[in-house]
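Line by line, the protein sequences are chains A and B.
With the first sequence counted from 1, adding 204 to any position gets you my numbering.
With the second sequence counted from 1, adding 6 to any position gets you my numbering.
Hints may contain errors.
What the hints assert, rightly or not - Pair by pair, the computed Cβ-Cβ distance ranges are:
| # | chain 1 | residue 1 | chain 2 | residue 2 | range |
| --- | --- | --- | --- | --- | --- |
| 1 | B | MET142 | A | GLY306 | 40 to 50 Å |
| 2 | A | GLY308 | B | LEU178 | 50 to 60 Å |
| 3 | B | LEU191 | A | GLY303 | 40 to 50 Å |
| 4 | B | PRO188 | A | THR324 | 32 to 42 Å |
| 5 | A | LYS326 | B | SER9 | 19 to 29 Å |
Stated by the list, open to error - To spell it out: a stretch of chain A is covered by chain B in this simulated footprint if at least three of its residues, at any positions, have a beta carbon under 8 Å from a beta carbon of chain B; those stretches are:
| # | segment |
| --- | --- |
| 6 | 216-225 |
| 7 | 253-260 |
| 8 | 370-381 |
These are computed hints drawn from the structure, not numbers from a lab.
None of these values were measured; they are calculated from a predicted model.
Just so you know, even glycine gets a beta-carbon here, dropped at the ideal spot from N, CA and C.
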Amino acid sequence: MPLNWKTGGVLLGLVFFLAVLLVKPIGVSTQFVILDGIVADAVNGDFITQTDEGWTSTNAYMAKSGGKYAKNAANPLNYSFVFVLAMMLGAFLSAMARGGVGQGERTMPALWRANFGDSTTKRYAVAFLGGFVVLYGARLAGGCTSGHMMSGMMQTALSGYIFAAGAFAAAVPVALMMYKKEA
Amino acid sequence: MSSIILALVIGAAFGAVLDRIGATNPNWIGKMLALKHLHLMKTILLAIGVGSVLMFAGQMAGLVDVGHMSVKSAYVGVFIGGLLLGAGWAASGYCPGTGVCAAASGRKDALFFIAGGLLGAAAYMATYPAWKAGGMLNDIAGGKVTLGTVPGSKFDGIWAISGDVLGIVLGLVFIVVAFALPERLTGQGQMADMPAE
């Protein structure tokens, strides 16, 4: 059972506030690009290179904005990348402390099973395709649920509202079509 | 080095809270997006409201550095990207942050989400020049703008009214909406499957 929404909402709000107070607003999806950059550079050493002014890449997206993505991929021990690793650690410890995720839930959520059956192949395929579309969309938008929707709307950013409008305009109809049965 | 310690502390807190509010659980995401159970929506709206009120009140009181604000650009691609993210979010039950946390909590389907996400991000890296050339990334309405004008901020406001006051007012609106939203819109009536407290 999740936390009561009042407790959970205040705690989540405090985390977003602390992030802005101490460092900067929270964001996650950029780090998928950074990890891609790390992998690409490990495979091909010319992918990210150091220049007189800083860092650049053979990929235009990695090289944009003065090579800030290229720089972070070349130095993964930076705030934003470590932040995402720490999120995983925090979620892991929290899940262990509440007894872990149940055996059946580990392969697919009960809501999925109730609507689409037990096939792990089907679930994993949709999770993979979903991940592809989510990250492609997040990078096109320049942020995700954390950076645009939560951090953005919290700062009254116009872009946050535009993003949230798009996200819910697609998410609600898709969910209504997919999840007719409740678990 | 101190920034790494902050990343560890704030990141771990964020991951733990996402886990505890049910955001790392695709069941709650799916039920929220299918408008069956809005518990998580109430949590998120309250969080945005609380964060907003604290941040803008802190800025007015001079306790929060306005320079920490980071506003993203508005452009047509933000809406298109939002649509794509929304569709994938509903289908998989994960968004980037909750996906990595869910994988860490032991969900195997979330590993497939992450793998797909890495490929999707790589696909965007490869196709970025086309979006840019097509003008889909060009600023609209001033680009990096806030709704009101925040004193001392490097971002312009759409309206001249005080961005701090507007931020607090909108934050309170988020909080009021969080309280006003019913737990359920569709499905089997009022279910007592959430802790009332």
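Query raised in the report: Do three or more residues of the segment 370-381 of chain A come closer than 8 Å to chain B, measuring C-beta to C-beta?
Result: holds (count 10)
Report task. Return holds or violated for the Cβ distance of B:LEU191 and A:GLY303 against the range 40 to 50 Å. Result -> violated, 31 Å
Requested in this report: Could you tell me whether the CB distance from A:GLY308 to B:LEU178 stays inside 50 to 60 Å?
Outcome: violated, 42 Å
Query raised in the report: Are three or more residues of the segment 216-225 of chain A within 8 Å, CB to CB, of chain B?
Result: holds (count 10)
Report task. Apply the coverage criterion to the segment 253-260 of chain A and chain B: a residue qualifies when its Cβ sits closer than 8 Å to a Cβ of the chain, and three qualifying residues are needed. Result -> Coverage by chain B is violated for the segment 253-260 of chain A (0 residues, Cβ < 8 Å).
**Report entry** 40 to 50 Å as the expected CB spacing between A:GLY306 and B:MET142, which holds or is violated
**Finding:** With a Cβ separation near 43 Å, B:MET142 and A:GLY306 satisfy 40 to 50 Å, so the hint holds.
Requested in this report: Go ahead and decide if the range 19 to 29 Å is satisfied by the Cβ distance of A:LYS326 to B:SER9.
Outcome: violated, 43 Å
Query raised in the report: Range hint 32 to 42 Å: satisfied by the CB atoms of B:PRO188 and A:THR324?
Result: holds, 35 Å
Of the numbered hints stated above, those contradicted by the structure are hints 2, 3, 5, 7, listed in ascending order.
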